[in-house]
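Visitor: Here is how the chains run, residue by residue.
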Amino acid sequence: MARIDINGLHKEFGGRRVLRDINLSIAEGEFLALVGPSGCGKSTLLRAIAGLEPTSGGSIAFDGRPVDAAPPQARNVAMVFQSYALYPHMRVRDNLAFGLKLRGLDPSERQRRVADAARALELESLLDRYPRALSGGQRQRVALGRAMVREPVAFLLDEPLSNLDAQLRVSTRLEIRALQRKLRMTMVYTTHDQVEAITLADRIAVMNAGEIVQVATPLELYDYPANRFVAGFIGSPAMNFITGTRHDGAIRAADGGVIRLPPHHADASGEIVVGLRPEHLSVGSAPAAAPPALAGVVRHVENLGAEAEIYVETCGTRLCVRHFGRGAPAVGAQVRVGYDPERIHLFDGATAQRIWERPTQGQT
Amino acid sequence: MTAETVVGREPLAELSFEGGEAPPAPAVEAGAGARGRTRTRQALSVAGIGLYAGFFLLPIAFLVSLTFKTRDEVLLGRFFTDKPTLENWWKAFEVIHLTAFVWHSLLIATLSAVLTLIVAAPATYAVVRLRRGEFVGSLALSSYIAPPVVALLPLFFLMRWLGLLNSIPGMVLLYGFMNVPVAYWLLAGFVRKIPAALDEAAWIDGAGFIRTFVLIDLPLLVPGLVASGLICLILAYNEFLFASLFAQDESVRGLTVAISLFQGDRFVNFGQMAVASLVGITPIYVIALLFQDRLIGGLTAGGVK
Numbered sequence: 001m002a003r004i005d006i007n008g009l010h011k012e013f014g015g016r017r018v019l020r021d022i023n024l025s026i027a028e029g030e031f032l033a034l035v036g037p038s039g040c041g042k043s044t045l046l047r048a049i050a051g052l053e054p055t056s057g058g059s060i061a062f063d064g065r066p067v068d069a070a071p072p073q074a075r076n077v078a079m080v081f082q083s084y085a086l087y088p089h090m091r092v093r094d095n096l097a098f099g100l101k102l103r104g105l106d107p108s109e110r111q112r113r114v115a116d117a118a119r120a121l122e123l124e125s126l127l128d129r130y131p132r133a134l135s136g137g138q139r140q141r142v143a144l145g146r147a148m149v150r151e152p153v154a155f156l157l158d159e160p161l162s163n164l165d166a167q168l169r170v171s172t173r174l175e176i177r178a179l180q181r182k183l184r185m186t187m188v189y190t191t192h193d194q195v196e197a198i199t200l201a202d203r204i205a206v207m208n209a210g211e212i213v214q215v216a217t218p219l220e221l222y223d224y225p226a227n228r229f230v231a232g233f234i235g236s237p238a239m240n241f242i243t244g245t246r247h248d249g250a251i252r253a254a255d256g257g258v259i260r261l262p263p264h265h266a267d268a269s270g271e272i273v274v275g276l277r278p279e280h281l282s283v284g285s286a287p288a289a290a291p292p293a294l295a296g297v298v299r300h301v302e303n304l305g306a307e308a309e310i311y312v313e314t315c316g317t318r319l320c321v322r323h324f325g326r327g328a329p330a331v332g333a334q335v336r337v338g339y340d341p342e343r344i345h346l347f348d349g350a351t352a353q354r355i356w357e358r359p360t361q362g363q364t
Numbered sequence: 001m002t003a004e005t006v007v008g009r010e011p012l013a014e015l016s017f018e019g020g021e022a023p024p025a026p027a028v029e030a031g032a033g034a035r036g037r038t039r040t041r042q043a044l045s046v047a048g049i050g051l052y053a054g055f056f057l058l059p060i061a062f063l064v065s066l067t068f069k070t071r072d073e074v075l076l077g078r079f080f081t082d083k084p085t086l087e088n089w090w091k092a093f094e095v096i097h098l099t100a101f102v103w104h105s106l107l108i109a110t111l112s113a114v115l116t117l118i119v120a121a122p123a124t125y126a127v128v129r130l131r132r133g134e135f136v137g138s139l140a141l142s143s144y145i146a147p148p149v150v151a152l153l154p155l156f157f158l159m160r161w162l163g164l165l166n167s168i169p170g171m172v173l174l175y176g177f178m179n180v181p182v183a184y185w186l187l188a189g190f191v192r193k194i195p196a197a198l199d200e201a202a203w204i205d206g207a208g209f210i211r212t213f214v215l216i217d218l219p220l221l222v223p224g225l226v227a228s229g230l231i232c233l234i235l236a237y238n239e240f241l242f243a244s245l246f247a248q249d250e251s252v253r254g255l256t257v258a259i260s261l262f263q264g265d266r267f268v269n270f271g272q273m274a275v276a277s278l279v280g281i282t283p284i285y286v287i288a289l290l291f292q293d294r295l296i297g298g299l300t301a302g303g304v305k
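Residue numbers (my numbering), protein chains in the order written: chain A, 1 to 364; chain B, 1 to 305.
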């Protein structure tokens, strides 16, 4: 396994900037997820690491050794494709052994490695089948196995779970993570599913329009999104945004709603976007004394069993509130949406960048 | 089966890598009235197909009837004959070396089709998949626009200079290269249908471009190679213009030239000509029938997704 360093990587294609100034270091044994909406450049970046995508500038190094001039054959990475890309005319066994054969491993070693991978992925009974006789989940495991049998410097996975059904996706997710931990693989994993990224990765690089917007651990991304894009992308249901302007110690929204600011946001000014996570809001009917609240009307309720998503119209927008347990208010009810000023996020209205908290006295 | 029908069948319809959606099941119709309508519809479609088939089979049937007629009867232009005769059949084989000519045609056509594929398969892969020298593809196709007769004289002098006139290798080379644009044009579709991810997976597995082509793409191209090879074989087998000039000698003469030579000084021997034509088209139809399954084979189903 290797460390991967990407420096100033960019790619222009047909006058469009597909990747711009990518700087990223992936530690040995680290699981890094590249996440972003489709077309953000995450797959292009992954393919650039594999050597499948020519770049316009910058450099990629494995363990400090530049590989920019190396074709994919010489980079010794393993890759799992979104479509799995199993060789349709070869049995599972030969699919797994293909790379080993090409690298000139002797047959006994080849057999041992194929058997090991087959055991780890529960493919033993499928070794003599052709890919067309496998289910989606089995094909996915063969694709993983083909990457595992080799001893690559890194594993690159391009949306490997997107073709599986929801249940299989969750169980395969767990398996991939367990495998990665056990074998201490350096893994780069693209997905457009932020839940997948949060549950799997040591660190997440959020991409948008060819740029890396923020690289951080899943909890850091959740707690301190660097800008409005990350804030809206990470977390489900998505963060609520209210636009307003600063009026001594509070934000005044378009319709006159007032959001109180915590003391460490004392220097925010101008047009400001307030971010409120649905799980940090609460609804109540009585104007409770303690938490500050916004008055609104319930427009829609989605019951999910363990919780309900309540959509409340207030401050000129519709806020989503996660309500745990039963007793969600009815549609049309006048409610007060309670919030915790300590847990609000502020973004600059013009630049969409986070307005970072200034530690108040007594805090460290 | 002609070249057109082979192409028109879309031999790779089942090769869809996306696992295309199944056509909607026909609604179950209830009641005797509906069943009666279905039957009428069936009868109508059978009649339609029969008419369509008859349209294409009529010339063949006419050819068959010609072979059993005497020379005088041919001139009457009737379809049926009162006194069928087998004379044309034994005369055709006795007077001219029909079997030898068919053999020459088959040999030249088969070898040239193989040569065409040897050149066209890697070339198509390089142009379509690796995107190398894409203008070569267009160039090759554009050469096919001009009428072949334009090339007649230069080719004649070239082949004479190379000592390839009236030789099997000469005709194999000529047809082999001549049909490369056609094969490129046919194979391009087949190459495009192989997902690029398969090549990329092989590269990542450590295979170079040539090994990827040979070990991954070539096996998946087999249905395309068979289809394109068959069409090139048919084109070479049916070619007349170049053969009439470059392969007149009896040692290399093929079927098309042989048939044309039935036209004597004073009259045309239609009966024997019909026999030669029938015998001549038989091998090509047999080959097309034999390989028909390969044309439709779903070898690559399931590799992706």
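Since the hints were made in silico from the structure, they are not lab data.
Hints may be right or wrong, so weigh each one.
[As the list claims (entries may be wrong)] Under the rule of at most 20 Å between Cα atoms (straight-line distance), these lysine to any residue pairs were calculated in the SDA-like manner:
#	chain 1	residue 1	chain 2	residue 2
1	A	Lys101	B	Ile210
2	A	Lys101	B	Leu98
3	B	Lys193	A	His89
4	A	Lys101	B	Gly208
[What the hints assert, rightly or not] One-sided and incomplete, this derived list gives chain B residues near chain A with beta-carbon spacing under 8 Å:
#	residue
5	Glu134
6	Ala201
7	Gly206
We treat Cβ as the ideally placed atom computed from N, Cα and C, and that holds for glycine.
Visitor: Taking the hints in turn, state whether each one holds.
Guide: Here is what the structure says about each hint:
1. Simply put, Lys101 (chain A) and Ile210 (chain B) have alpha-carbon atoms about 16 Å apart, close enough for the 20 Å limit, and the pair holds.
2. With a CA separation close to 52 Å, the supplied pair Lys101 (chain A) and Leu98 (chain B) exceeds the 20 Å bound.
3. Our distance criterion of 20 Å between C-alpha atoms is met by Lys193 (chain B) and His89 (chain A), whose separation comes to about 15 Å.
4. Restraint check for Lys101 (chain A) and Gly208 (chain B): the C-alpha separation of about 13 Å stays at or below 20 Å, so the hint holds.
5. For the restraint placing Glu134 (chain B) at the interface with chain A, the shortest Cβ-Cβ distance is roughly 16 Å, beyond the 8 Å limit, so the hint is violated.
6. Annotation: interface hint on Ala201 (chain B) holds; nearest CB of chain A at approximately 4 Å, less than 8 Å.
7. Checking Gly206 (chain B) against chain A by beta carbon gives a least distance of about 4 Å; that is within 8 Å, so the hint holds.
Violated hints, in rising order: 2 and 5; the structure is consistent with all others.
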